[in-house]
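S.K.: These protein sequence lines are chains A and B, in that order.
Just so we're aligned, residue 1 is where the first sequence starts under this note's numbering, counting upward by one.
Just so we're aligned, residue 1 is where the second sequence starts under this note's numbering, counting upward by one.
Careful: at least some of the hints might be erroneous.
Said to hold, decoys possible - Calculated lysine-lysine pairs in the DSBU-like style (CA-CA distance at most 35 Å, straight line):
(1) A:Lys235 / B:Lys724
(2) B:Lys639 / B:Lys715
(3) B:Lys535 / A:Lys272
(4) A:Lys238 / B:Lys535
(5) A:Lys238 / B:Lys639
(6) A:Lys235 / B:Lys605
(7) A:Lys364 / A:Lys272
(8) B:Lys650 / A:Lys357
(9) B:Lys605 / A:Lys238
(10) A:Lys316 / B:Lys535
(11) B:Lys535 / A:Lys279
(12) A:Lys235 / B:Lys507
(13) B:Lys535 / A:Lys223
(14) A:Lys223 / B:Lys507
(15) B:Lys605 / B:Lys715
(16) B:Lys507 / A:Lys364
(17) B:Lys507 / A:Lys316
Because the hints were derived from the structure by calculation, they are not lab data.
Residue strings, one per chain:
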Amino acid sequence: MAVQVEVRFVTKRRQFAVPDTPFTVPSNVGSRELNSLINELLKGRDPDKHCREVDFDFLVCGEVLRVPLSDHLEEHSISSEVTVDVEYFERVPAPEPRDCLLHDDWVSAVQVKNGWILSGCYDNTLHLWTTKGKHQLTIPGHTGPIKAVTWVTHNDTLVTFVSASHDQTAMLWEWNVSTNAVECIHVCRGHERALECVGVSSCQSRMATGGWDTHLKIWSAGKSYFAQTPLMTLKGHKEAISAVQWTDSSEICTASWDHTLRLWDAEIGGIKTEIVGNKSFFDASWSPLNGLLITASADKHIRLYDPRSTEGSLVKSTFTSHTQWVQSVRWSTTEDHQFVSGSYDQQVKLWDSRSPKAPLFDLKGHDGKVLCCDWSEPELIVSGGSDNTLRIFQSKQHK
Amino acid sequence: MTQNKIFGAGSVSYEKQGRAGKKSKIKRFWEEEKTVLEEEKGGKKDVGGRGGGGGFHEVDVGSGSLFHLVTDEDLLTSITNDGDSSDGDDDESELDESGEDDDEVVFESEDGFESGTEDSGASSLGVENTKDEDGDSSSDYSEYGSEEIEHEGEEGNNDESSEGSMVSHEHEEESSQSKPFCKVKQTSSSNVSNSSTFSNKTLSRDCEKNINNKVAQVEENRTLQQADEYKSDTSDEEDIRNTVGNIPMNWYNDYAHLGYEWDGKKVMKPLKEDELDNFLRRMEDPNFWRTVRDRQTGQDVVLSDVDVDIIQRLQAQKIPDANFDDVAPWVEWFTSEVMQTPIVRVPDHKRSFLPSRIEARQVAKMVHAIKMGWMKPREQKKQSQEPTFYMLWQTDEGVEHMRRVQNHIPAPKRHLPGHAESYNPPPEYLFDKRELKVWNKQKTTPWKRKLHFIPQKYSSLRAVPAYDRFINERFQRCLDLYLCPRARKMRLTIQPEDLLPQLPNPKDLQPFPTVMSMVYEGHTDMVRSISVEPKGQYMVSGSDDLTIKVWEIATGRCLRTVPVGGVVRSVSWCPNQALSLIAVAADRKVLLVNPGVGDHLICSKTDTLLDEPPEHDVIVPERVKTAVQWEQAPEDIWKNGIRVIINHFKEVRQVTWHARGDYFATVMPDGQNRSVVIHQLSKRRSQVPFSKSKGLVQCVLFHPIRPFFFVATQKVVRVYDLAKQELVKKLYSNSKWISSIAIHPGGDNLLVGTYDRKMLWFDLDLSTKPYQTLRLHGTAVRGVAYHRQYPLFASGSDDRSLIVCHGMVYKLVIYCPFIDEMFVPPVLQGNI
């Protein structure tokens, strides 16, 4: 006779609401049993209406239920005698591999926007693809491997994007979609070593670059003459800056090899906050939806930081599933709790931030190290790797 | 008579003993003894039958002797009784007395019985009954007994026989004491309870025994009696008719007498009768057939009818007591059956305890009440509210007072006096003249004296005068106690564990590498050496596949491959960040390679710097010239990045840069005294610093800050000052073969790896011996390295493991030596 646990089901989705009465379930149930239970309840609510089966994930104590309920409760040291609130939400459907774009060399940078895929390669070229997988353009220009690319503005016909490279420059490009002509607006020279990252502000007027010279430089993203020189140089990091992202129009978040995450004020030019970890950060991503930072490190772990909190442990949770060096992480732009990570163990993983033990999905396909990944477009998870491919996964989010 | 009395009493006690067990035991014993004793003499069997007590045989034998005595005495009475049965008046006159006697007898016997019951442990009830019976039945015999006695007395008087005279005389004198005598007789008679024959029976039986003895002519019985003579309680009671005691009478065969009377007169043997007299007597005397001779007294005794009857019964092998019921119902006092519940007095075991049901019910009630909360366990009494007193008149200043009370330090003990203090010391303690002189001389400095007094000799303790310095010394002692501060000696107890350094938790020592992060794939043969760019973005590796490769560390991307045309034994990235240069030791060449990564500006600057060889205005010595030649790289390999070629005369094993990046040193282990060459990049010049070979040079190292140069030979690391051109220090590794050395960025700590599995840590400021020796590896240590920033150092070994140690180097104060702290070794296990 198994131990019984009293659970109350709650949900934030109105169409899946079930009665608020507690249910008694055996403590060894997993999410599958709960799932069938919820589906039965939904079916019983309005039997005349034909409901399709929905897969749910269950959130107990702020963590996704992956093990039997009793183990989960034990792990969180919750008595099985109290009524447990179980929140359920639709399970993220598995992303489907959609395309594989072949490059000539390692794909080290990628970003998707408005149906266009921009990728940077170790053969010093940029590539433009449609999301359908049609190669649009190859843009030579850099003299070193391209480490980062970002879209800046999008008009119907005129698109600008920026690329950062090991040749110590960032290039701002303008692409006329209709004529399929690319023009380098200007080259940002100023860094003394290779560039690693580039970020564009939310107002799309400025961009920031960081690299191995440990400096963070802010440039104008406009077409002005002054764009040739950096607007501001922020010194403070002791090692290479590996990731830069604008959190709002005047705040920049950077991650560095010197084990620190910093928030810079782009107006004043000073450090706002510094978070010291104990591993080098190879990538960081900040989500405007929840204001949290995830970072990638060499010791296989993905760490979640809250830059707003000042007390308690800095690391909110640690996501461990990769078996090697994690090179890149990206938040979802639409989902609060989801992000992807690319690692040198040839895998891209889709995570729920509430499930630190196991990722939601492993996206396999790469034959080499995954050097970059992107989830800017909610439907597309793209990743590039050292197998010279860019792989596209279709993510079907329920709307 | 007193003797008689005592004697009688003795018999009484015996009889009692015999009787006590008689009823209970006699049957069984009899049955047993019948078979056992039948072979033995009738007399003995007889006595045994009567006296069947607990100790059957003992009593038997003892009683044998006793009876013998009794026999002799009582035979007289019985005989006289038989002889004179006519004194009826006397009998009657004495009847009252005897009645009284009877009472007394009863009383006495009661006592006797009580004691008897106590002795035998048999049921007293039966004995009581028998006693009563005795009381009744004995009334008949009492007459008889008293008669006897009177008779005896009379007889004694009348007969004036030699043996009787004394007795009778006494009797007359103590006529008033006839009562006790009577009593005695009575007792004996009453004790012979059931026997209807009164004491006569006993007597006659004993008589008969004697007769038996005589008739059978068996000496054995007698010897037996003799042997056990002293076992009897009544052995001191003598036969007063003949005081020789119980001896073989044949000892007197040669004498005219048989023994001695009580008063010492000889008991003369009766006249020896010849055959004729004997025949005449047989013819004349009708009692001749029942006449026997008492061997003790030598007198003829005529046996009574009762005696004769007993003798006949014995000869017929019947029970001598005719009245004895040998088929009486058997009373089983102790059952022969094994009982189911044996009667034992072992106290009950605890587990056999059955609690009272009522109590159990009460306890259950209480437990229930406690469970339900109706009853509560008694609360502990609150500590009695004693009034609190406050120190009103005293302050807390009395610390010293309290210390004296609570933390008392006893005064030091004085020495016990020795021989010198004695009033009569041995002569060697007495001062001779010289000592006395010295003593007197130290008058002003008395504390220097060996003794504070002069030992003196006195003839006796009495002669010792009062001690004249008593008051003085007391005073001094008081001063000592008062003025000398006493301190408690605190002993410091340090546990060995406390001396060990607190090792930190490895988690707190992060960061250090924990997992293998990257594999740089591309080389096709063994990689002998790697070197990391000062910025940490790139890395160069030299391999046996005759190439060097430049890697991007973060991605593992090989950015450049430079073929160098020789086995690369050592690569070293120039520490000068203004230069983009790698020194490569390939076979006999040292190549300076510009990898072309990193800052373009620096790369181009380096190229321009190395483009034109500077003008030589210094004449290179021949010794150096033959060893090393500089050469500009030709065009075809210039494009590969190789800028300068330095040709050596031997195979170059190691190349290492000075921290500022201008000088670099190369090692040629086979180069004898020119095995170490120091090159200067800016002037393209080489020097051979050592003129003498100090051994097989393994590796060399520049000090990061000071102009020191470390040269590791097989066993010793020598530290040279390049500025002063002298040997500063020799570090003894205490091992057989040094493989590699590394220096801490601070410059004061040196790490030495050896082929004999050790890793040595030298603190240059401390000693020339290793500060610490780490034997962490199972096989030879190939390489050691310090981390540039973190307190980590690592060692790589042939056992395919890499051990990263945590070794903190603290710098507390300037000019103060480093204090080093060791280590938590995370082991990185690689696989080949």
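S.K.: Give a verdict on every hint.
M.R.: Here's how the hints hold up against the structure:
For a cut-off of 35 Å, the pair hint linking A:Lys235 to B:Lys724 is broken: about 42 Å separates their Cα positions. Distance hint between B:Lys639 and B:Lys715 is unfulfilled; the C-alpha atoms sit about 43 Å from each other, more than 35 Å. For the proposed pair B:Lys535 and A:Lys272, the alpha carbon gap of about 26 Å is at most 35 Å, so the pair holds. With a C-alpha separation of about 10 Å, the suggested pairing of A:Lys238 with B:Lys535 holds against the 35 Å cut-off.
Taken as a hint, the A:Lys238 and B:Lys639 pair is honoured in the structure, with Cα atoms around 34 Å apart against an allowance of 35 Å. For the hint linking A:Lys235 to B:Lys605, the alpha-carbon distance of about 25 Å falls within 35 Å, and the restraint holds. A threshold of 35 Å between alpha carbons decides the hint, and for A:Lys364 with A:Lys272 the separation of about 39 Å lies outside it, so the pair is violated. For a cut-off of 35 Å, the pair hint linking B:Lys650 to A:Lys357 is broken: about 58 Å separates their Cα positions.
A threshold of 35 Å between alpha carbons decides the hint, and for B:Lys605 with A:Lys238 the separation of about 25 Å falls inside it, so the pair holds. At roughly 31 Å between alpha-carbon atoms, A:Lys316 and B:Lys535 fall within 35 Å of each other, so this suggested pair holds. Of the supplied pair hints, the one linking B:Lys535 and A:Lys279 holds, its CA atoms being roughly 17 Å apart against a limit of 35 Å. Distance hint between A:Lys235 and B:Lys507 is fulfilled; the C-alpha atoms sit about 31 Å from each other, no more than 35 Å.
Taking the CA atoms of B:Lys535 and A:Lys223, the gap is near 34 Å; set against the 35 Å cutoff, the hint holds. A C-alpha spacing of about 51 Å is found between A:Lys223 and B:Lys507, which places the hinted pair above 35 Å, so the restraint is violated. Of the pairs offered as hints, the one joining B:Lys605 and B:Lys715 is violated, with about 42 Å between alpha carbons and a cut-off of 35 Å exceeded. Simply put, B:Lys507 and A:Lys364 have alpha-carbon atoms about 33 Å apart, close enough for the 35 Å limit, and the pair holds.
Taken as a hint, the B:Lys507 and A:Lys316 pair is honoured in the structure, with Cα atoms around 18 Å apart against an allowance of 35 Å.
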